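*Asks:* Listed below, chain by chain, are the residues.
2 protein chains.
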Amino acid sequence: MSTDLPVPETRVLAIASHVVYGYVGNTMAVFVMQSLGCEVAALNTVQFSNHKAYKQVKGTIASGEEIRDIYEGLKQSYLTDFDIMLSGYAPSAEAVGAIGSIGRDLKLKGINKSGSFFWVLDPVMGDQGRLYVNEDVVPAYKNLLHDTDLILPNQFEAELLSEQKIICLDSLAEAVTVLHKRYRIPHIVVTSVRLEESSGTISVVGSTIRTDSTPRLFKIDVPAIDCFFSGTGDMFAALTVVRLREAVAAAKLGSTRSWISPDDVEATDLPLARATEKVLASMQVVLEKTKTARDEALERMSGPLGTLERERDSEKRLHLRKTKAAEVRVVRNVADLKEPKVVFRAEAFDGKESDDARPNAEDIERDDGCSEKEEVNDDHKEESK
Amino acid sequence: MSTDLPVPETRVLAIASHVVYGYVGNTMAVFVMQSLGCEVAALNTVQFSNHKAYKQVKGTIASGEEIRDIYEGLKQSYLTDFDIMLSGYAPSAEAVGAIGSIGRDLKLKGINKSGSFFWVLDPVMGDQGRLYVNEDVVPAYKNLLHDTDLILPNQFEAELLSEQKIICLDSLAEAVTVLHKRYRIPHIVVTSVRLEESSGTISVVGSTIRTDSTPRLFKIDVPAIDCFFSGTGDMFAALTVVRLREAVAAAKLGSTRSWISPDDVEATDLPLARATEKVLASMQVVLEKTKTARDEALERMSGPLGTLERERDSEKRLHLRKTKAAEVRVVRNVADLKEPKVVFRAEAFDGKESDDARPNAEDIERDDGCSEKEEVNDDHKEESK
Numbered sequence: 001m002s003t004d005l006p007v008p009e010t011r012v013l014a015i016a017s018h019v020v021y022g023y024v025g026n027t028m029a030v031f032v033m034q035s036l037g038c039e040v041a042a043l044n045t046v047q048f049s050n051h052k053a054y055k056q057v058k059g060t061i062a063s064g065e066e067i068r069d070i071y072e073g074l075k076q077s078y079l080t081d082f083d084i085m086l087s088g089y090a091p092s093a094e095a096v097g098a099i100g101s102i103g104r105d106l107k108l109k110g111i112n113k114s115g116s117f118f119w120v121l122d123p124v125m126g127d128q129g130r131l132y133v134n135e136d137v138v139p140a141y142k143n144l145l146h147d148t149d150l151i152l153p154n155q156f157e158a159e160l161l162s163e164q165k166i167i168c169l170d171s172l173a174e175a176v177t178v179l180h181k182r183y184r185i186p187h188i189v190v191t192s193v194r195l196e197e198s199s200g201t202i203s204v205v206g207s208t209i210r211t212d213s214t215p216r217l218f219k220i221d222v223p224a225i226d227c228f229f230s231g232t233g234d235m236f237a238a239l240t241v242v243r244l245r246e247a248v249a250a251a252k253l254g255s256t257r258s259w260i261s262p263d264d265v266e267a268t269d270l271p272l273a274r275a276t277e278k279v280l281a282s283m284q285v286v287l288e289k290t291k292t293a294r295d296e297a298l299e300r301m302s303g304p305l306g307t308l309e310r311e312r313d314s315e316k317r318l319h320l321r322k323t324k325a326a327e328v329r330v331v332r333n334v335a336d337l338k339e340p341k342v343v344f345r346a347e348a349f350d351g352k353e354s355d356d357a358r359p360n361a362e363d364i365e366r367d368d369g370c371s372e373k374e375e376v377n378d379d380h381k382e383e384s385k
Numbered sequence: 001m002s003t004d005l006p007v008p009e010t011r012v013l014a015i016a017s018h019v020v021y022g023y024v025g026n027t028m029a030v031f032v033m034q035s036l037g038c039e040v041a042a043l044n045t046v047q048f049s050n051h052k053a054y055k056q057v058k059g060t061i062a063s064g065e066e067i068r069d070i071y072e073g074l075k076q077s078y079l080t081d082f083d084i085m086l087s088g089y090a091p092s093a094e095a096v097g098a099i100g101s102i103g104r105d106l107k108l109k110g111i112n113k114s115g116s117f118f119w120v121l122d123p124v125m126g127d128q129g130r131l132y133v134n135e136d137v138v139p140a141y142k143n144l145l146h147d148t149d150l151i152l153p154n155q156f157e158a159e160l161l162s163e164q165k166i167i168c169l170d171s172l173a174e175a176v177t178v179l180h181k182r183y184r185i186p187h188i189v190v191t192s193v194r195l196e197e198s199s200g201t202i203s204v205v206g207s208t209i210r211t212d213s214t215p216r217l218f219k220i221d222v223p224a225i226d227c228f229f230s231g232t233g234d235m236f237a238a239l240t241v242v243r244l245r246e247a248v249a250a251a252k253l254g255s256t257r258s259w260i261s262p263d264d265v266e267a268t269d270l271p272l273a274r275a276t277e278k279v280l281a282s283m284q285v286v287l288e289k290t291k292t293a294r295d296e297a298l299e300r301m302s303g304p305l306g307t308l309e310r311e312r313d314s315e316k317r318l319h320l321r322k323t324k325a326a327e328v329r330v331v332r333n334v335a336d337l338k339e340p341k342v343v344f345r346a347e348a349f350d351g352k353e354s355d356d357a358r359p360n361a362e363d364i365e366r367d368d369g370c371s372e373k374e375e376v377n378d379d380h381k382e383e384s385k
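Sequence order for the protein chains is E and P.
1 is the number of the first residue of the first sequence in full-length UniProt numbering; add one for each residue after it.
1 is the number of the first residue of the second sequence in full-length UniProt numbering; add one for each residue after it.
No lab work stands behind these hints, which were simulated from the structure alone.
Treat each hint with caution, since some may be false.
In silico DSSO-like links for lysine-lysine, alpha-carbon gap of 27 Å or less [what the hints assert, rightly or not]:
hint : chain 1 : residue 1 : chain 2 : residue 2
1    : P       : Lys324    : E       : Lys75
2    : P       : Lys113    : E       : Lys322
3    : P       : Lys338    : E       : Lys341
4    : P       : Lys165    : P       : Lys109
5    : E       : Lys55     : P       : Lys75
6    : P       : Lys324    : E       : Lys291
7    : P       : Lys181    : E       : Lys75
Just so you know, these numbers come straight off a predicted model, no measurement behind them.
Hey, can you work out the whole structure from these sequences and the hints?
*Replies:* This is the structure in structure tokens:
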């Protein structure tokens, strides 16, 4: 057995999309978890040629019944001894329901052994104010929330689930509080929040619930990278599975219900905070390397593009090339996944604007105490729909 | 970029089965190639809950049209710049035809650049004298052979394709000769040949064609491991993709048509021989570790099995447990894939029985000069159908 792996043998059921080319959904998450030593069972909800950032795609979609049927196949052969389930993109409300019944079945199986099963849910619904699933998927996800252990919404998805508009740290904290209280979700991470468009910083905000359902909020800021990536949400989720399990083991919480730290553990000392720091450390390096490789690739093709520009479909073809060049370089950078060097630390916050996060004086202060922001930009979101 | 990887960035299109639990088909091959640094596009021909050794399975099958359609999806976005295609299990003759048209299309694209595209075909049809695909799959594979660069049949499949009964090294050499001559296949490896049931040895026999279509035969003997594994054929194929590319680069043959060595290169000096030595070195260690882990797992479950034995379906359940325990431990043994220590060397042979391979005196000598053998046993064959 390798000794350089962060976790002991961990069995993960990963339910998400599969793309033939590129790295999103399970195609990203499975390799990331495997390369860190997890035994991953990948149940693919779709098989697409590529992810949607290419703006054209071919492939097939699994029905809710097909998803349930495959799980029945696992059950009949006693192959469901999973420690963790990571669920991502589902192509329909029916598929979300099927994933929910799988999650509940696994949870039920482990009910007499606290901490033996942990469900990480990425409620993939949309981004930047736009739904890219049917409207009935939103209530379908709400129906699952009270059975999950950790959810990983982006800013827009956190708004949809909490029914709380997020325009500042204050309202973000409120959304997390609502999700803890209303659904008793043990752990929440809102991925890649961007409240200050101009600041060049992306924030990740997380919290682990206290006994009284109040949050323990932490925030980690990382520099924004000027490049559109796909599949980074899936990369985030996969790394979180491994790093959270590692941090929970270090804190000896593995046999505690939903791996919840005692109330006296501060936000910045949470295993979730420790894990997220490592996740972001790996991601930042791999994404920077990807950006460099992309820039080199675009540089190399500057000759042919001159020709392309005279072609009728040059704009489309240029977009396809750029999208391809920005595929995350994960396979050849496993060392960065394995040995994260933590630079960006979690800091506690109570949801009130700090001096750093306070908007410029010229920004309009609104009635709710939040500064007006035009939009949020989520570069870190799964792109496989 | 990692410097401990054996090959430069290599883009592989892998077309084979996908199982949710366990390691066969693409579920085995993709991780193996990725962990050695390949960018792998996995086109899954089926999605099954598990492999067939469990004797029960649920899931879905892709039609030939669905396979073609996904490839069209790749083409329309210019995502077909593959260096290598590895094709394995196809669920129908129609699917074999679809894979063939993909292989030909990629070959055509690279026709003006020798060595720029290489097709490795594992003609999955059956094992130990038994077909587990429809009969029309056999001629469908024959139709592809003249476009492939390397084929990896097991003993039974080599018989089906060459129409030459294989019962000794002599007839095995004849089958390989026929495949070279009739279909002009550049490279052939017959995986896990077992001519001496009692000897405890498994042989792998390979050859690279000469200009006059004669073979250059080498043989590598490895100790048989007393355990039934699934997916080892896929592991063999995936490792071969990487190690052959590595050996071909070392021999500076990467720009030569089908990576064929000059006629004066002896069998044991072929890149194919070098590659196969490394492949078997990795496999032997990982399979031995798997056997040890399986034995420990079976030991641990000896208690519960006592209870099981009194249950009505105890035999079935015991089989399921044994099959699960024998899943190849590939994810946590990447170091053995990366750093093979070659112990078993390729030796040249002309197809005539050597003293070592000669049967016991009491074996009946047949008219064709071969010793009678009751059956061949192929433990190393893909099991995903």
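*Asks:* Compare the structure with each hint and give your call.
*Replies:* Against the structure, the hints come out as follows:
This hinted pair checks out: lysine 324/P and lysine 75/E have alpha carbons roughly 13 Å apart, not beyond 27 Å. Under the criterion of a C-alpha separation no larger than 27 Å, the hint pairing lysine 113/P with lysine 322/E is consistent with the structure, at around 25 Å. About 24 Å separates the Cα atoms of lysine 338/P and lysine 341/E, which keeps this hinted pair within 27 Å; it holds. For the hint linking lysine 165/P to lysine 109/P, the alpha-carbon distance of about 37 Å lies beyond 27 Å, and the restraint is violated.
Distance check on the hinted pair: lysine 55/E and lysine 75/P sit about 14 Å apart at the alpha-carbon level, within 27 Å; holds. The straight-line distance between the Cα atoms of lysine 324/P and lysine 291/E is roughly 42 Å, outside the 27 Å bound, and the hint therefore fails. For the suggested pair lysine 181/P and lysine 75/E, the alpha carbons sit about 49 Å apart, so the restraint of at most 27 Å is broken.
Hint compliance for this structure: hints 4, 6 and 7 are broken, all remaining hints hold.
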